[in-house]
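Chemist: The primary structure of each chain is shown beneath.
Protein chains: 2
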Amino acid sequence: MNPLEDSRGGQRKPPGCDKLDLQVKMLGGIEAGGTKFVCGFGTGPDDLTFARFPTTSPDETLAGVVSFLKEANLEAVGIGSFGPVDLHPDSPTFGYITSTPKDGWTNCDLAGRVRASLGVPVGFETDVNAAALGEARWGAGVGLSNLLYLTVGTGIGGGALVDGRVVHGLVHPEMGHIRVPHELARDPFPGACPFHGDCLEGLASGPAMMRRWGKPPERLPRDHPAWPLEAHYLALAVVNLALTLSPQRIVLGGGVMRQTQMFPMIRVEFTRLLHGYVRHPAVEERIGEYIVGPKLGDRSGILGALALAEQAAG
Amino acid sequence: MNPLEDSRGGQRKPPGCDKLDLQVKMLGGIEAGGTKFVCGFGTGPDDLTFARFPTTSPDETLAGVVSFLKEANLEAVGIGSFGPVDLHPDSPTFGYITSTPKDGWTNCDLAGRVRASLGVPVGFETDVNAAALGEARWGAGVGLSNLLYLTVGTGIGGGALVDGRVVHGLVHPEMGHIRVPHELARDPFPGACPFHGDCLEGLASGPAMMRRWGKPPERLPRDHPAWPLEAHYLALAVVNLALTLSPQRIVLGGGVMRQTQMFPMIRVEFTRLLHGYVRHPAVEERIGEYIVGPKLGDRSGILGALALAEQAAG
Numbered sequence: 463m464n465p466l467e468d469s470r471g472g473q474r475k476p477p478g479c480d481k482l483d484l485q486v487k488m489l490g491g492i493e494a495g496g497t498k499f500v501c502g503f504g505t506g507p508d509d510l511t512f513a514r515f516p517t518t519s520p521d522e523t524l525a526g527v528v529s530f531l532k533e534a535n536l537e538a539v540g541i542g543s544f545g546p547v548d549l550h551p552d553s554p555t556f557g558y559i560t561s562t563p564k565d566g567w568t569n570c571d572l573a574g575r576v577r578a579s580l581g582v583p584v585g586f587e588t589d590v591n592a593a594a595l596g597e598a599r600w601g602a603g604v605g606l607s608n609l610l611y612l613t614v615g616t617g618i619g620g621g622a623l624v625d626g627r628v629v630h631g632l633v634h635p636e637m638g639h640i641r642v643p644h645e646l647a648r649d650p651f652p653g654a655c656p657f658h659g660d661c662l663e664g665l666a667s668g669p670a671m672m673r674r675w676g677k678p679p680e681r682l683p684r685d686h687p688a689w690p691l692e693a694h695y696l697a698l699a700v701v702n703l704a705l706t707l708s709p710q711r712i713v714l715g716g717g718v719m720r721q722t723q724m725f726p727m728i729r730v731e732f733t734r735l736l737h738g739y740v741r742h743p744a745v746e747e748r749i750g751e752y753i754v755g756p757k758l759g760d761r762s763g764i765l766g767a768l769a770l771a772e773q774a775a776g
Numbered sequence: 463m464n465p466l467e468d469s470r471g472g473q474r475k476p477p478g479c480d481k482l483d484l485q486v487k488m489l490g491g492i493e494a495g496g497t498k499f500v501c502g503f504g505t506g507p508d509d510l511t512f513a514r515f516p517t518t519s520p521d522e523t524l525a526g527v528v529s530f531l532k533e534a535n536l537e538a539v540g541i542g543s544f545g546p547v548d549l550h551p552d553s554p555t556f557g558y559i560t561s562t563p564k565d566g567w568t569n570c571d572l573a574g575r576v577r578a579s580l581g582v583p584v585g586f587e588t589d590v591n592a593a594a595l596g597e598a599r600w601g602a603g604v605g606l607s608n609l610l611y612l613t614v615g616t617g618i619g620g621g622a623l624v625d626g627r628v629v630h631g632l633v634h635p636e637m638g639h640i641r642v643p644h645e646l647a648r649d650p651f652p653g654a655c656p657f658h659g660d661c662l663e664g665l666a667s668g669p670a671m672m673r674r675w676g677k678p679p680e681r682l683p684r685d686h687p688a689w690p691l692e693a694h695y696l697a698l699a700v701v702n703l704a705l706t707l708s709p710q711r712i713v714l715g716g717g718v719m720r721q722t723q724m725f726p727m728i729r730v731e732f733t734r735l736l737h738g739y740v741r742h743p744a745v746e747e748r749i750g751e752y753i754v755g756p757k758l759g760d761r762s763g764i765l766g767a768l769a770l771a772e773q774a775a776g
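The listed protein sequences correspond, in order, to chains A and B. No gaps in the numbering here: position 12 of the first sequence is 474 in our numbering, and each next residue is one more. No gaps in the numbering here: position 58 of the second sequence is 520 in our numbering, and each next residue is one more.
Chain A with its partners taken away, still in its complex shape (with noise of 0.2 Å):
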């Protein structure tokens, strides 16, 4: 199978000029997700070749997935993946796509399989988590230790950089689904999660606002009373997961944080809720700095796939 397109972003080299990288150990990536896989080699942002493959069977889609990594001379592959997966390093299945609804992918072993043929050390993670690792190590968390990323999409999703390391736990954080105040004196919106009715995915991810207003985000105009009203809930969240987390920098990713006129909605209301509860000059003063979008674009979650890889190479 061959790549369905070639990112803006990635360079594809040339057929003839495949044989240099077999002189340079190389890093792979994945971003397994639910629709496509991206994947891509390189050592960083600025040499990274991608390439995309639908998300059918799991054979397929690897084969393509396989084949275009094999191209280069790699030292360790990253996966980032749609879940859920497990993580856990002494678990049986780890680096499984476990009991996914997705026709094909209940328990996947994933990274098993991956590992198996490329014959090189595999690092695994959530799609989330590997998005967050992408952004601390060539975005907008270069430098810092305590990191968050929330994607705001077709789910809501977080992954937390505490000392430089990803946060685990008894499984993984599932950020997306805290519960928040619920405005409903000007919402009464009942809320999308299938598990939870009006938790944070409930209210504010990209299908919650599809159900709430009748058409896509993306279709609303951006002085619609839908933005001002997903920002509280963003702000809400995002202060809660400070007080929690206390991190360093907050990076708001996903499709419905396309809509950047939200960002500084998003910062006024944190102030508001916050009400100088954290006094340090990264809040106080340089709040445009603190939340903010990631600097990686639409590859956070593929550099950090590559991230990982780094890892995993050791």
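Treat the hints with care, since some could be wrong.
The list treats identical chains as one, so a pair stands whether inside a single copy or across any two.
Derived pair list, reagent style SDA-like, types lysine to any residue, alpha-carbon separation capped at 20 Å [to be verified]:
{"id": "1", "residue 1": "Lys498", "residue 2": "Gly668"}
{"id": "2", "residue 1": "Lys564", "residue 2": "Gly738"}
{"id": "3", "residue 1": "Lys564", "residue 2": "Arg741"}
{"id": "4", "residue 1": "Lys564", "residue 2": "Tyr739"}
{"id": "5", "residue 1": "Lys532", "residue 2": "Pro583"}
{"id": "6", "residue 1": "Lys564", "residue 2": "Leu524"}
Everything labelled a hint here was simulated from the structure, so no lab data went into it.
Assemble chain B onto chain A, guided by the hints.
Modeler: Just chain B now, with coordinates in the frame of chain A:
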């Protein structure tokens, strides 16, 4: 100044035995509170000798503390302090109590003064972080690397261990001030937090209960409707913190949690609110061991200070 009293669980050695201590290196701990300083020495829970001094002026209180701790042959001292404190090792005011309104204690170099008086390494933390560390070292979190300790009393505060280390970040967490949904229909009380009104602390601290119900929580009957409401707010908080930090166990301490009838209520409500979202036997099968009280009782803080001393001693 003499110790006010010897505490239950602690042992004072008769003066003649003090010479024995000179043979053994001991750890010292200070739990610095706004009304009293608890201090102790020993090597752990089994041989802890401790005493309490009222929090008057820094000169007077520290004179008592230092004179008591000098009885032992200390290797290092740990301090868990009321705040706000400066925990940044690189800061010129590291180890200070900073902007407290408490008379005489503003910008008090607590760690520096203790270090100068006792001439040993000093570890320094917030009071709740120290308590989390105490439970991790000798209490409900032994053997776990990811632990959450939440204290519910005059205020609400949380301390988290991730990969065995206390989470700091930009400043330090202030989990007591997260926002949770306010049950306005059954609870019109506006909240008691001077900063945020109906944040968690504003809804669920001891003083919030006092103001809502007109009497201190310890005087409310065990079947009073105050308790299911309190358990509901605490369960919301525990859900949010669990989804953000993914701890392996959650310890709920502090004065309000002496109402142990709340533990089963919180567990049931936590499970209902989580709605199957954390798929792990620790939550799904052993909730009674997942949300627990402090195993060290009232001694989490002072033993956490001892654990800090152990770390400072290297």
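Chemist: If the cutoff is 20 Å on CA atoms, where do Lys564 and Leu524 land: within, between, both or neither? Let me know, please.
Modeler: within (15 Å within a copy, 63 Å between copies)
Chemist: At 20 Å max between alpha carbons, let me know whether Lys564 reaches Arg741 within a copy, between copies, both or neither.
Modeler: between (45 Å within a copy, 18 Å between copies)
Chemist: If the cutoff is 20 Å on CA atoms, where do Lys498 and Gly668 land: within, between, both or neither? Let me know, please.
Modeler: Classified as within; 18 Å inside a copy, 51 Å across copies.
Chemist: How do Lys564 and Gly738 come out at 20 Å by Cα distance, when the copy is not named: within, between, both, or neither?
Modeler: Answer is between: at 19 Å across copies they meet the 20 Å cutoff, but 45 Å inside does not.
Chemist: When no copy is named, should Lys532 and Pro583 be tagged within, between, both, or neither for a Cα gap of at most 20 Å?
Modeler: Classified as within: same-chain Cα gap 14 Å, cross-chain 54 Å, threshold 20 Å.
Chemist: Have a look at Lys564 and Tyr739 and pick one of within, between, both or neither, based on CA distance no larger than 20 Å.
Modeler: between (43 Å within a copy, 17 Å between copies)
Against the hints set out earlier in the document, no violation occurs for any number.
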